[in-house]
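Residues per chain are reported as follows:
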Amino acid sequence: MKVNQELCVGCGKCLPFCPQGAIHVENRKAFIDQDACVECGICVRQIECPRKAFYEPPEVNEWPRSVRKVFGDPTEKHQSTGVRGRGTEEVKTNDVTGRVKRGEIGFALEFGRPSIGTKVKEVEVVTIPLVEKGVVLEPCNPLTSLLDETGRVRDDVREEKILSAIVEFAVPFERFEEIAALVYDAAKHCKNTVFSWGLVVRYEEDGTIAAVPVLEKLGIHIPKNAKVNVGLGKPFCNE
Amino acid sequence: MSHSLHRRGTAESLSHDYILLVTAAAGINAAGSKDKLRRVLDVVWEVGPVNTGSNEVGTILSGVSIEEIKAGFTEIPRVRCVFDSADKMREVIRRLLEMDLGISVTVSGPRLEIEKICAEFGIKPHSVNLSLDIWGKKNELPEEEILEFITMCGHGMISRSLVVDCIEKVKAGRLTPEQAAVRMGSPCVCGFYNPTRAIPMLQKYVPAEKH
Numbered sequence: 256m257k258v259n260q261e262l263c264v265g266c267g268k269c270l271p272f273c274p275q276g277a278i279h280v281e282n283r284k285a286f287i288d289q290d291a292c293v294e295c296g297i298c299v300r301q302i303e304c305p306r307k308a309f310y311e312p313p314e315v316n317e318w319p320r321s322v323r324k325v326f327g328d329p330t331e332k333h334q335s336t337g338v339r340g341r342g343t344e345e346v347k348t349n350d351v352t353g354r355v356k357r358g359e360i361g362f363a364l365e366f367g368r369p370s371i372g373t374k375v376k377e378v379e380v381v382t383i384p385l386v387e388k389g390v391v392l393e394p395c396n397p398l399t400s401l402l403d404e405t406g407r408v409r410d411d412v413r414e415e416k417i418l419s420a421i422v423e424f425a426v427p428f429e430r431f432e433e434i435a436a437l438v439y440d441a442a443k444h445c446k447n448t449v450f451s452w453g454l455v456v457r458y459e460e461d462g463t464i465a466a467v468p469v470l471e472k473l474g475i476h477i478p479k480n481a482k483v484n485v486g487l488g489k490p491f492c493n494e
Numbered sequence: 483m484s485h486s487l488h489r490r491g492t493a494e495s496l497s498h499d500y501i502l503l504v505t506a507a508a509g510i511n512a513a514g515s516k517d518k519l520r521r522v523l524d525v526v527w528e529v530g531p532v533n534t535g536s537n538e539v540g541t542i543l544s545g546v547s548i549e550e551i552k553a554g555f556t557e558i559p560r561v562r563c564v565f566d567s568a569d570k571m572r573e574v575i576r577r578l579l580e581m582d583l584g585i586s587v588t589v590s591g592p593r594l595e596i597e598k599i600c601a602e603f604g605i606k607p608h609s610v611n612l613s614l615d616i617w618g619k620k621n622e623l624p625e626e627e628i629l630e631f632i633t634m635c636g637h638g639m640i641s642r643s644l645v646v647d648c649i650e651k652v653k654a655g656r657l658t659p660e661q662a663a664v665r666m667g668s669p670c671v672c673g674f675y676n677p678t679r680a681i682p683m684l685q686k687y688v689p690a691e692k693h
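Chains as they are written, first to last, in my numbering: chain A, 256 to 494; chain B, 483 to 693.
Only chain A is shown next, with the shape it has when bound in the complex (with noise of 0.2 Å):
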């Protein structure tokens, strides 16, 4: 995004707004650090400019700094990498679509959520890993087009600042505890950004959530806030 310098007054109404501290107002201007604005479009929302100063350039939907915009501004419609959203509707619709069935586990791994933001590139600390093990990464979710067989960043992309971005994919729960434990050590070698991390299970039967002796088992705090699908949805899948 731009400030269009003519409307700006200088009040500074913007600055605490931006996610990524990107803006600044000197002798009187607000300007925009271009690394390290994410494209989010909050300054354009937002409504405590007094002269609507903010703008979208056209560069914005030019690639490859459009990759921002789709991993940063929810209102966007994401037709650089032909997928809506920065993941899948992953749990939200598992009841109909069965993306992760009964004796798999399916995880995301948002890299810069919460807050921090992050370059596309640093995702490679778990992808490379994962592909080296055969993991195969979610073709739905808009990340996994930007990388190459190796789970390498494609290099005109890879120095873009977004929001953040879902590493998602699912495996045999037989293989939960290895994959854990990579995803585990992986997080050691993640020097520059966070990542939250998201399990996706079915309820067994009885009720329980074979997951969580394998977390107990490998050290991994389980907050208590979860999302539950509560399988309403039809035609039910029971897979």
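Keep in mind that the hints were calculated from the coordinates and are not lab data. A portion of the hints provided could be inaccurate.
Stated by the list, open to error - Cβ-Cβ distance ranges computed for the label pairs, FRET-style:
| # | chain 1 | residue 1 | chain 2 | residue 2 | range |
| --- | --- | --- | --- | --- | --- |
| 1 | B | ASP569 | A | SER400 | 38 to 48 Å |
| 2 | A | GLY358 | B | LYS686 | 45 to 55 Å |
| 3 | B | ARG656 | A | PRO427 | 50 to 60 Å |
As the list claims (entries may be wrong) - Far from chain B, some chain A residues (derived; all Cβ distances over 10 Å):
| # | residue |
| --- | --- |
| 4 | VAL264 |
| 5 | TYR310 |
| 6 | ASP410 |
Unchecked claim - Simulated coverage check for chain A against chain B, where a stretch passes if three residues somewhere in it have a Cβ under 8 Å from a Cβ of chain B:
| # | region |
| --- | --- |
| 7 | 346–358 |
| 8 | 425–433 |
| 9 | 477–488 |
Just so we're clear, the structure is a prediction, and the values are computed from it rather than from any experiment. Virtual Cβ for every residue (Gly too), placed ideally from N, Cα, C.
Keeping the supplied structure of chain A fixed, place chain B upon it in accordance with the hints.
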């Protein structure tokens, strides 16, 4: 994506934070589901969500009406609402069961309480998305009390500087906790931010003489 997941806070605070997601599945049951989802929003609206919205038009917190949200439904329509109690969520599930629309229903919040609600209605939940916390360069994260606010917007639209700014204004008596809660939530476009939960989180910053 999992933008309702990874919310942080005390057990007491999170007990006032339940998110409903009713989602039609592309290529499976989305075709012709707009009217169903409009009925869902009408029915759950009567229960009293504290926020709702859509990426297409914005949130009730930013002045958008329910009619505008319904009119903005896409070909893959979704209903997203936040409720401030387990009792409200229980009533929502009861009504959705009665409607029996065959559209996927997901609830984010304290897992054991959600499972208890399901059991009360004889529902076997299908699958779960567990949050396993934050990993990597955690020393760059804001303080926990700031994270509790910003993780209410999983899209990352609420900045740490806006949270700090709102807290400072409450401390200075320039905003009430209620005003700060609304201001802080204004960047959230999908309606997942919970202003009712934010108010008591902000009240501790009110200067002593205002109490």
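May I ask which of the numbered hints given earlier this structure violates, with the numbers listed in increasing order?
As far as the earlier hints go, only 8 is violated by this structure.
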